[in-house]
Structures are given as structure tokens and as C-alpha cells.
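So the sequence lines, in the order shown, correspond to chains B and G.
When we follow the numbering used here, the leftmost residue of the first sequence carries the number 1, and every step to the right adds one.
When we follow the numbering used here, the leftmost residue of the second sequence carries the number 1001, and every step to the right adds one.
In case anyone wonders, no lab produced these hints; they're calculated from the structure.
Even for Gly, the Cβ is constructed at its ideal location relative to N, Cα and C.
Take the hints with a grain of salt, since some may be wrong.
[Stated by the list, open to error] Covered by chain B, per the in silico footprint, the following chain G stretches (three or more residues, Cβ under 8 Å): (1) 1009-1019; (2) 1089-1098; (3) 1216-1226; (4) 1314-1328.
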Amino acid sequence: MATMTAPRTVRTKKRATVAATDPKSPNLTADQLEEFGNELDALRQRVFADLGEADAAYIRMIVKRQQQFEIAGRALFYLPPAWPLAVAALSISKILENMEIGHNVMHGQYDWMGDPKLNSRIYDWDTMAPGENWKYGHNYIHHTYTNILGKDRDIGYGILRMDEDQKWHPAYLGNPLYAFLLMVFFEEGVALHDLEIDRIRTGERTWEQTKKVGKPIIRKVSKQVLKDYLLFPALTGPLFLSTLAGNAVANVIRNIWAFNIIFCGHFPAGVATFTEEECENESRGHWYYRQLLGSANITGGRLFHILSGNLSHQIEHHLFPDLPARRYPELSVEVKALCEKYGIEYNTGRLSKQLFSVARKICRLALPTRRTPAPAPVPVADDPLAA
Amino acid sequence: MGIATTLLGSRAVAALTAPHGVDRYLEMFNPMWAATEVRARVVDIHRENPDAVGSAPVATLTLQPTATWRGHRAGQYVQVGVELPGTARRMTRCFSISSAASLPGERFTLTIRAHDEGQVSRFLVNEARPGQMLHLSQAEGDFTLHESAATPTNNRLLMISGGSGITPVMSQLRTLLRDGYDGHAGRKVTFLHFARSTEDQIFADELAAIAAADNGVDVHLRHGDQRFSEFELRRLVPDFKDTDTWACGPAGLIELVRAAYADSPRLRVEFFKPPAIAAGSAEGDVSFARTGASAENSGATLLEQAEALGLRPEFGCRMGICFTCTSRKTEGTVRNVLTGEESSLPEEDIRICVSAPVGDCVVDL
Chain B
1 MATMTAPRTV RTKKRATVAA TDPKSPNLTA DQLEEFGNEL DALRQRVFAD LGEADAAYIR
61 MIVKRQQQFE IAGRALFYLP PAWPLAVAAL SISKILENME IGHNVMHGQY DWMGDPKLNS
121 RIYDWDTMAP GENWKYGHNY IHHTYTNILG KDRDIGYGIL RMDEDQKWHP AYLGNPLYAF
181 LLMVFFEEGV ALHDLEIDRI RTGERTWEQT KKVGKPIIRK VSKQVLKDYL LFPALTGPLF
241 LSTLAGNAVA NVIRNIWAFN IIFCGHFPAG VATFTEEECE NESRGHWYYR QLLGSANITG
301 GRLFHILSGN LSHQIEHHLF PDLPARRYPE LSVEVKALCE KYGIEYNTGR LSKQLFSVAR
361 KICRLALPTR RTPAPAPVPV ADDPLAA
Chain G
1001 MGIATTLLGS RAVAALTAPH GVDRYLEMFN PMWAATEVRA RVVDIHRENP DAVGSAPVAT
1061 LTLQPTATWR GHRAGQYVQV GVELPGTARR MTRCFSISSA ASLPGERFTL TIRAHDEGQV
1121 SRFLVNEARP GQMLHLSQAE GDFTLHESAA TPTNNRLLMI SGGSGITPVM SQLRTLLRDG
1181 YDGHAGRKVT FLHFARSTED QIFADELAAI AAADNGVDVH LRHGDQRFSE FELRRLVPDF
1241 KDTDTWACGP AGLIELVRAA YADSPRLRVE FFKPPAIAAG SAEGDVSFAR TGASAENSGA
1301 TLLEQAEALG LRPEFGCRMG ICFTCTSRKT EGTVRNVLTG EESSLPEEDI RICVSAPVGD
1361 CVVDL
């Protein structure tokens, strides 16, 4: 289980990342961090105690709508003139399934319902990444070690340079191109992510570990290919190729959407990264603090939030990954108030603003970072880790 | 129906309907359509002990299962899952089937006592109405009658039950009588039952009719303070230790019956677990059922206590967010160390990294 051995980026110097990247973030003392953590714990507990029929009805309604889009999409491929409609319906179905259903159900957000069909241990989403691998890499590694360089493999996914502190290499000149390819082939990228190919190359991962992760990938990819590129096209008989193309386009549309929502969650300007030293023996308050500074939200309407699986509330998702995502909008009001109280910046903005910010970062980091005199190193706190 | 069911249950259809599976689509159109899972609609609810004062109400529910129901053998039970109104949480409990053996897709009945602490049984007896949908398992359990009316043996059969433990043996008796069991060929059936009072006697009229009929079945009903004794059993069935016996009832009755039979392989038992009582302290024992490890409860989280015993359960974040360590708690109460919330539900999935046992606790690890 313990594959998190030698970190890829080894650091020796303790560094005040938070202060360096975002001077607006305060230096909370250990006591303040503890109080901050307690307030968030209380918030979490209040919502958890309130979970009930409305949440169950909501997720069942979303599943039903998604199934209706799925049926409509699959059926409309029988009518060649309706091809664009079929692709649109199927794309919406896949987006809803991946974002609001799959991602959130597999987080365990609905485990309390006791419904095996909505249980994190049983559900496996409609994408090439096998649930069991993803839950390890995402629920455990990414959500526990969020934005810790060398630990959180979602910083650049082992392909991109998304942080100044990732050492520059000429290969990163292709940063924008890699990002574009990852966007189009996001589904494949996420499936292969857990293979940690970069670490196989450096010998940090054994063949045994690779085999254990690889087998489910082969199984799941085969299932997805069988369904979208063989069975459903075959069912439309002479329209085989048109259906196959439609399914491929729907998958790519879903890829582009998911990529953009997710990249806006952690990579806009102002999002902080952390060193392993900063997070050793971390207190619960500091964990919350890191989740907050390591995530960014996107503003938008109700429909936009649903289609993004409420990951447009990435901050609330990272603070409370096991609470049903439909609660994030109401939680955000109180989280924002807490941020104001403690003077912590709450990173949010329109989709266009966050996307532009991410795109700029991807291009900027393709080039080596210019050495500018760093702002005077301000410690994050006297001793932020003790609690 | 056969071809349609086979087709709908095929792997190709499963691949096409992934990730939800074909049943999620079928139930959109009709809750009684299913290809693999089993559901049932309650079609009738009949109160069994309307005059009983001071004891919990008992009702018989007639269920129409989906075509996926494979039928049951007399003496088996079924898991019943229901979303209780107000909580949206699905609770699943086991109930013995009280009607005679059923064929695939056939109706059957559950006879349930609404225990004070039983949320599911209380709902089914007091609140459920005809039309209510239930989630079912297939019939399970091997407390079954392997003899049929047609089996040419001279074996005598003995059934001992207490309270609502009458349900599986009633299913056996009904099956025998329905299928033309002939008591005159020397195969007597002795049916011994203990109930709290005559008013609380389940199936009283039917048992009286069976007792009165010329069928080779002896019915002995004991009410009130009359408790099971080996002495009395020996009087009814002198060679009881060599008689095929099915006993079902509360743990106290079963203990007495077991003692009377010593190690006789002719005795088959089924009993209800007494409800676990929360002691409100860290004391008690923690047991890990699969490995058989157990120790005094130290008050630490279940993950830590399992590790202290040398077990290596899977885990991830160790802070309750990633669900890697989720395990099944079969008995006892746990406290969420983050929220302080306590939970005593049996057969509950818990995150062992943030759950500390309160009193005795059994986890499937």
C-alpha cells in the first residue's frame, strides 16, 4: 500500500510558500489555526447531522436525469439527421455521470444512505479510470496531501509544470502542447495517471506495483471500448461508423469540460503549494488551512454548478470531501465568512477569469523561472504545525 | 419471461448499461421490473395478535416479489432493505419466511414482531402500507427441512420454537401439510411452541385447526410461565436426542435446548441475537471476526486497536476522508472521534480510522 516513498522533488530548505505566493494570506498562530479548525469541524458536523431525504432525493433525481439523457443520446443515433443532438445528449449524460454522480459517489458522499447503488465501494464510473485506482490516487493521495510538492501527484499529473518550484527542464517547453493533449485525452490521462509512468522510469516504482495498478486499467479500458466503440455502434447496424464517431466526440467533449473544471480548481494564480517540511505532523487546523489556500472556486449559476459536479466549489470540496456536493453552495457562504474573519483569501472568480489565469500559468511555466529577488521570507507562523 | 430475463441479465446488457446496471433503467419504468436484483411489493398486512396487551405487535406481510425471486425452502430467511421515512437511510434486516416453500416469482409471507428497538420491524409492522416497495436478497440460510412429504423415511420430526421464532418452523409445518405429508406412516411431527400468553400466540387459529385435524401432527402450546424443560421434552418425545429437531427462538430458550441435546447432531438451531447494549464507556471487548483476534477495548480507534493486535487493515488518510479503511461493523456501538456522534446500528459500514468502540464491538476484519 505504501507507495509514497521517495518524493520526486526533494527539498532541504524550509520555505514560506504561502507568504511567497500570496502575501495576502496571513500568518496564523497555532492557536488561531486550532480555533479555525474547530469552527470548520463544527460546520461539517452541523451539515452532516442534517443529511437526509432532500439529499437522497437530489442524487436520485440527478441519476434519473442522467439516465434520461443517456437513453435519448443512444436512441437519437438511429436518426442520422439528429446526430448533433445525440452527441449533445450523450455528452451531458457523461458529464453528469462523471462529475456530479461518479466523482461524488466514489468520494463516499452518499455512503450514509446505505444504498449499494450509490456506495463508494461498489460504484465504478463511466470512464476509463478504474474506480479502485482512482480512489487511491485521488481520495487518498490528492485529498490528503493536497498541493504538497513531491506528494500530491495532481500537481501537473507527472506531465506538466504547474508550479515554480517544479524544477525546469527543456522538456517543459512543450507545457502548452502537453496540456492541450491532456485536455483532449483527459479520460485516458486519468486512467494512466495511477501507473505513475514518470516514477517507473526513475525506478521509484516496482514492476509489482505497476502490475497491480495496470491490470484494472486494462480491464476497465476494455469495458469502455467495448461499450462505446463496439456494442453501441453495432446496435445501430449500418450507422456503425456514425455512432462510433458520435460516441468518441461525446467522450472528448466530456474530457474538455472535466479538464477545464478541474484545472480551475487548483491552478489559477494565487493558489498556494506547500513543502513536505511545512506539513510534517500537521494539525487539523493547518490541514484545513492548506486545503483552503490550495483550491480555487468558479462562480456561476445553478446549472453550471450541477454540470461541474459542484467542483466549482473546489474549496468546500477540499474542506469537506465526504459531504454531499449539493451542500457546497450553502457551505460556501459560511466558509467565506470564516475566511474574512481570519483574513484568509478566498480564491474565486468567473470561469473565463480562472481559465485565463490557468492558461497563462501553463505557458509561463513552459519557460524557466526568472530569478527575481524573493520577498523577504515570512514564516507561515511561529510554529504552525504544533497544535 | 425466461428469454427476456436471461437476455436482460446477460453480460452484454450489463456492459451497455454500465455503470448503473440494467435494473436502474428497468425500475424507471416499473418498480416491479428487475433483471438481477430482487424487490417486492407489500400486498397485504395482517395483524396477528390484535388483543395482546403489553407485548409488541406482530403482523404478517404478504409480499409479491419480482420475477427474479428464485423461491425459498422452508426455514430460510431473507434480507429486507427499506428506506425509512425521514432519514433516507436504507436499513437492512433479516426476517424468516413464514409461508410454505415458494417457487420462483411466487408470493410469500414474513411474520414480524415490532421490537421496541427494531426500527425496521417497527416500520414494517406499524407504518408500512400495501404498495410499499422493499429491497430483498434471495432466500438464505440452511435451517431448512430437507425432508419433503414424498421422502420415504420413518423419521419423526420435532420443532421447538419460542415467540416469533415460530416463523421458520411454521414454514416447515405448512410445507409438509401442503405437500401431502402423511403422518400415519409412522412419521409423527411434534410441534412445541412457547408464547408469552394466549393473546400473544401467533397463528393461534391455524395451529388449533392443525391440532384438531387427523394428520399425525401433535401441537403443544405453552403459555406464560411455562418454560422449556428437558423433563417435559422427554415426556413428549422420549428419544428426542435421536429425533431430527429444528429449534428457533430467543437466545435463552436455545441455550436450554442445546443443553438438553448435549452434542446431538440431530439438533439444528437458529436464534435471535440479543441487542448489544452501549455501556457508555471505553470498557468492553473489541473482536475482529474474520481473523478471530480480540482484546480489551483500549478506547483508541478501531484501526489502531486492530494494528495493535497485529492486523494490517487497509488504510489511507487516517483522518476520515478517503474511505479506504471502510469496514463492516457487525455488532456494538462506535463513536466518531471527529464528531462525537455515536452509532449502534448492526451491520454498518464504518471508517475504522475515525471510529472508536464504545463498549463491546465486533468488526469484520
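Hint check results:
Counting residues of the segment 1009-1019 of chain G whose CB lies closer than 8 Å to any CB of chain B gives 5, so the stated coverage by that chain holds, three being the minimum. For the segment 1089-1098 of chain G, the stated coverage by chain B holds: 4 residues have a C-beta nearer than 8 Å to a C-beta of that chain, and at least 3 were required. Judged by the Cβ-Cβ criterion of 8 Å, the segment 1216-1226 of chain G is not covered by chain B as claimed, because only 0 of its residues qualify and three are needed. Given a C-beta distance limit of less than 8 Å, the hint that chain B covers the segment 1314-1328 of chain G holds, as 11 residues qualify and 3 suffice.
Comparing the model with each numbered hint stated earlier shows that hint 3 is the single one that does not hold.
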